[in-house]
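Novice: Here are the chains, one letter per residue:
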Amino acid sequence: MTAVLRHEWRLYFHSLTAYVFGAFLLAFVGIGALMYNIQQAVSSFELVLSFGCLIFVVIVPILTMRIIAEERKQKTDQLLYALPITTTQVVVGKYLALLTVYLIPLAVICLYPLIFAQYGDVYLLTAYGSLLAFFLLGAAFIAVGVFLSSLTDNQGFAAGIGIAVILFNYYSVSLAEYVSASALGTLAALGLLLIALVGIIQYLTKNDRLGYWVGAVLLAVLVVCYFTGGESFESLLPSLMTTLSLFERFYAFVNGVFDMTAVVYYLSVIVFFLFLSVQSLEKRRYN
Amino acid sequence: MISVSHLTKRYGDFTAVEDLSFTIDDGHVYGFLGPNGAGKSTTMNIMTGCLSATAGKVEIDGCDIFEEPKKAKSRIGYLPEQPPLYMSESPLEYLRFVGEAKGLRGEALQGQIRDVVEQTGIESVQRRRISDLSKGYRQRVGIAQALLGNPRVIILDEPTVGLDPIQIIEIRDLIRRLGESHTVIFSSHILSEVQAICDQILIIHKGRLVAFGRPAELERQLLAPEELLLTAEASPEETAALLGAVPGITSLETSPCREGTRASLRFAGGDPTNLSRSVFFAFAGAGKALVELTHKKASLEDLFLQLTEDTPEALGTPEKPAETKGGEAE
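Just so you know, the protein sequences line up as chains U and H, in that order.
Numbered according to my numbering, the first sequence spans residues 594 to 880.
Numbered according to my numbering, the second sequence spans residues 17 to 346.
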């Protein structure tokens, strides 16, 4: 694992990616600090972070797009399979390398509240609580990015899907207000999601029958819930979109609430997507 | 050392490898021969743990590659068809990574890197970017990577494809040298190459093992009986009559040609020189000139063609430039 970690560091610092990522993050948060803390003389640093988190839409896919897709394209993944290390070690090693690349600019940002505290009263607890949540938010998106990169050998495709996913996550709360809150509307939307899920399963496993079976079982569950769930089925879709939003949980920290469930949620998202990445790599061995 | 038993790999309806079984002993150079698409790479990928098998077993030194992958893999060095190199690194950095991944640290790692760099002759380029290296050097870096960790078996998948003739000779020499200290298995679709380097040959066709043994043994066991070709200044009837008197001939074909008659005869066992002598004197005694008398010794080439005959197009050109695609890509 340390071998993979050190190797990824070398690759990142050989190329421009790590520097571009750091520069964008620092620039965006810097602009935020300039606007809120300096121009408007607001003493809350968490507002800067809540402004700055939009930059994840662009920089996370740039950082993660090559991590596995490029290995596939250059056929270097064969080496990883042939080496006496497990796929989990490869994925975790790569993920830790990405985290450290992300932590370097974040360490610089950690100094900002202290600097501002020299010139006025800064709520340091909220500021650092939000910074921790900011770190977890980014870490969760990076895990999603690693998974998307493991699906394809095309970096551009991985980045494009990554941007779409994070952007949708950013707007999902606002969108939740517009989606149908009726039970029938929820059924239709979940039905569409189901079809997409079946498509993804078939693409990943190259096994049509498995996809149809999973689809049929989930459809049955959905229909049963529709007829028995009653009121809880209404407004299920909007509340689902709000619950799954990674950004929404971050805003709780910005508002000064240290939400342990959010921390657990972020950690489980990370573990879940790393697990999927390992499966996606393992699957390559089977076809 | 390595035992492969009843190995089968299917991709949907397509069977790439079917019921393949063989055992590989220590200290030889093995050649994996077969036309393109015969299942060589698939077999090697399964043996090295890069690919799963539909059925069957692979054991390296008694370790099952699917059940104890770590142990089994640490005994093998593998160079896939396209050397798995990171273009932005230098060979030294690259070897460092592979060495670390194979569990080497500190002085042991440095020492091994020095050794393999020297063995593969890449000292002069060890600090340059891999993307700037020629294909021959890249192949050497790939071989150096396989040698790290001192595995007992080195598996090389088509190591000479896409190289120029001088590079090919250099890589062959390297493989021969490696064969002195390791068990080497390498695949190729070029027969002369396998013949030149290997002690043992495995011929694979359509995912099945069709022949396995020493080159000389294979020739003896599997080839059609030897043939004597002659051209005589005589009519076909006279030729047939003259040859009919020579003992030991089992079959005879004659056809008229410009000089007189061309004949091809087969014989069962015996010394071909004695037969040639009898044939010569038979014609000389009748006052007919023999303008040509050739002993045609069947070669491994014929064997290869015979075993894989329904795909003759695969053998037409020994070097396939199309296969190198992607090799130059950054």
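If you are wondering where the hints come from, they were derived from the structure by calculation, not from laboratory data.
One or more of the hints may lead you astray.
Stated by the list, open to error - In the DMTMM-like style, the derived pairs of lysine to aspartate or glutamate whose C-alpha atoms are separated by at most 25 Å in a straight line are:
| no. | chain 1 | residue 1 | chain 2 | residue 2 |
| --- | --- | --- | --- | --- |
| 1 | U | K876 | H | E134 |
| 2 | H | K151 | H | D131 |
| 3 | U | K668 | H | D148 |
Small disclaimer: the values here were computed from a predicted structure and weren't measured.
Novice: Compare the structure with each hint and give your call.
Specialist: Hints, one by one, checked against the model:
1. Our distance criterion of 25 Å between C-alpha atoms is broken by K876 (chain U) and E134 (chain H), whose separation comes to about 38 Å.
2. Only pairs whose Cα atoms come within 25 Å are accepted, and K151 (chain H) paired with D131 (chain H) is accepted, the gap being roughly 21 Å.
3. Between K668 (chain U) and D148 (chain H) the CA atoms are separated by roughly 18 Å; this keeps the pair inside 25 Å, and the hint holds.
Hint 1 alone, counting from the list given before, is not met by this structure.
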